[in-house]
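Engineer: Residues per chain are reported as follows:
Number of protein chains: 2
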Amino acid sequence: MAMTPPDAATSEESSSLVKPPSPTELAPSPPPPLPVSVMTKPLHIVAHTLPALALVLVGIWMGSVLTSYVKSGDIVTPNKLAGFSWAYADGHVFNWHPLLMTFGFVFCSSQAALVYITLPFPHETNKKIHLALHSIAAVSALVGSIAVFRFHNEHKITNLYSLHSWLGALVWFIFVIQWAFGVYAYFYPGASPTVRASSLPYHIGGGIGVLALIYATAATGVLEKLSFNASCNVSGALNGEEVVGFMASDCKLGNSIGLVLALSLVAVIVVIIEAKLAPRPSFSSATSETVPLVSNGAASKQQGYHHA
Amino acid sequence: MAMTPPDAATSEESSSLVKPPSPTELAPSPPPPLPVSVMTKPLHIVAHTLPALALVLVGIWMGSVLTSYVKSGDIVTPNKLAGFSWAYADGHVFNWHPLLMTFGFVFCSSQAALVYITLPFPHETNKKIHLALHSIAAVSALVGSIAVFRFHNEHKITNLYSLHSWLGALVWFIFVIQWAFGVYAYFYPGASPTVRASSLPYHIGGGIGVLALIYATAATGVLEKLSFNASCNVSGALNGEEVVGFMASDCKLGNSIGLVLALSLVAVIVVIIEAKLAPRPSFSSATSETVPLVSNGAASKQQGYHHA
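Those sequence lines, one after another, are chains A and B.
Counting along the first sequence from 1, when you hit position 244 you're at 244 in full-length UniProt numbering, and nothing is skipped either side.
Counting along the second sequence from 1, when you hit position 196 you're at 196 in full-length UniProt numbering, and nothing is skipped either side.
These are computed hints drawn from the structure, not numbers from a lab.
Bear in mind the structure is a predicted one, so any value in this text is a computation, not a measurement.
Misleading hints may appear alongside valid ones.
Where chains are identical, the list cannot tell them apart; a pair therefore holds if satisfied intra-copy or between any two copies.
What the hints assert, rightly or not - Straight-line alpha carbon distances no greater than 25 Å define the calculated BS3-like cross-link-like pairs of lysine-lysine that follow:
| id | residue 1 | residue 2 |
| --- | --- | --- |
| 1 | Lys-156 | Lys-252 |
| 2 | Lys-252 | Lys-80 |
| 3 | Lys-156 | Lys-71 |
| 4 | Lys-80 | Lys-156 |
Chain A extracted, bound-state conformation (with noise of 0.2 Å):
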């Protein structure tokens, strides 16, 4: 203990120019990390793609390509619904809440939750990254929720009686607190060192449990939608052509959206996992939070706790 240097990065920088160290100093050595894997890099930008695409797919298909199949008796009608409007008793309405919510939960966040991984700046600047992001979800999917809950009300249409909207209030209610936690522990200068280390892997545990339950929420929304849309396995005559178990537009695109939003939430589990159990010494985010990026500067004189 007492041959450790006060400052091992300092040390580490002047090895090369001091003498090597004598018999006696020398130490048990780790053993050298494996070499980032060819599968990483790529990997990484599947990772920013595919939430990114899962917005755009979302885009076109609440702005161009949504319809519904009514059936009245034996004869099928599509009915556009797709478009944006926020005028009152609209029911474009509705087609913010999809957009808003995966340009705030799924791209947003996922983004927040690659940060530390992916992005080259040092880890202060990629808190503040993360940070902004995750609120920027916040706000996006707030205007979300307000949409959806303003076309229910002004269409007389129950509150809160799917599955999708029960996992919606969860998530809500698990996000709100990781968020409210981060920004004390990690930013605030308030919670303790202990605190801040021992409750670091629960926030990244938490975090991938809610941004998992987030893509678990976007899918049965989109399933929910085409339900509504009747667009998936359509029968009967429609455009005068009998048509038995036909599946629209309308069902594809949703569909493929699901799919997306699938492999991208394993993609970005993938990342996250590798990232953090792969033996390299680059990704040592998890091993300097003592430290508050806020502090009020007794904390910062502590000394941080490494993993061993």
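Got chain A; can you put chain B on it based on the hints?
Structural biologist: Coordinates of chain B only, in the frame set by chain A:
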């Protein structure tokens, strides 16, 4: 390195009997591990119990509650669908599908994911339990998948049109790859220690990813069944009484199952991440995968890679 005794456990147990090391034997000691959080043990129990609760509730739903609400004009008629059967063209064949998928993919796979963290057995025993649980999961889910195809085919319902079915197909695809690669890399003696060590973070990440996808797919399944049952927002003359936005027991139970699945997903992920990231020496399952369980003799003699 030469000073480390060959059996660290024995050395620890007898450390109080040997003389203290001389100053020249002192190496820089790692920082003391943080105390195990008081949240850890209860969370382990919750993570094991919630998937079991989901399974029990699905059994109750399919076995005795399942009811669809069929509307004709203003009259709404409840149509009891609960019960199990494997007879040809019997609609109750479907009910095996949610139960067997939940038992296999949700319950067994969740228990399998937690094995290394919560069970008191040696790592090699845990590996066998992990494989056994995932194998039982595959068999149960296979029969559950056959049940829904049989139901569709015997009732002339189109296969694979819904997002739930697309997600299910994706789950099967990733699950089979994970299973086969796991057997090849960590049981079969063919994979090199380097392959095993470098693939493990991807196996764990892919495993958590596909588990999250399993829960998302289950949630879409619950929502799809509830939309068929039309039990969440019943309006019309029901049992001689006019109802508006009535939520039947079928919906309440289905939505509750969805919530239990959601909490279960978050709990399982939090437990895994906490165990992998918390700086405790007891959780080192990721560190000894260079040695296959079924060895050809040569591989087991090679030195295992350990995290720094």
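Engineer: Give a verdict on every hint.
Structural biologist: Hint check results:
1. In this assembly of identical chains, the alpha carbons of Lys-156 and Lys-252 lie at most 25 Å apart only when taken from different copies (21 Å versus 30 Å within one copy).
2. In this homomeric assembly, Lys-252 and Lys-80 come within 25 Å of each other (Cα to Cα) only inside a single copy, at 15 Å, whereas the closest approach across copies is 32 Å.
3. Both within a single protomer and between protomers do Lys-156 and Lys-71 lie at most 25 Å apart by alpha-carbon distance, with minima of 22 Å and 19 Å respectively.
4. Taking the shortest alpha-carbon separations for Lys-80 and Lys-156, only the intra-copy value of 21 Å comes in at or below 25 Å, while the best inter-copy value is 29 Å.
The structure is consistent with each of the numbered hints, conforming to all of them.
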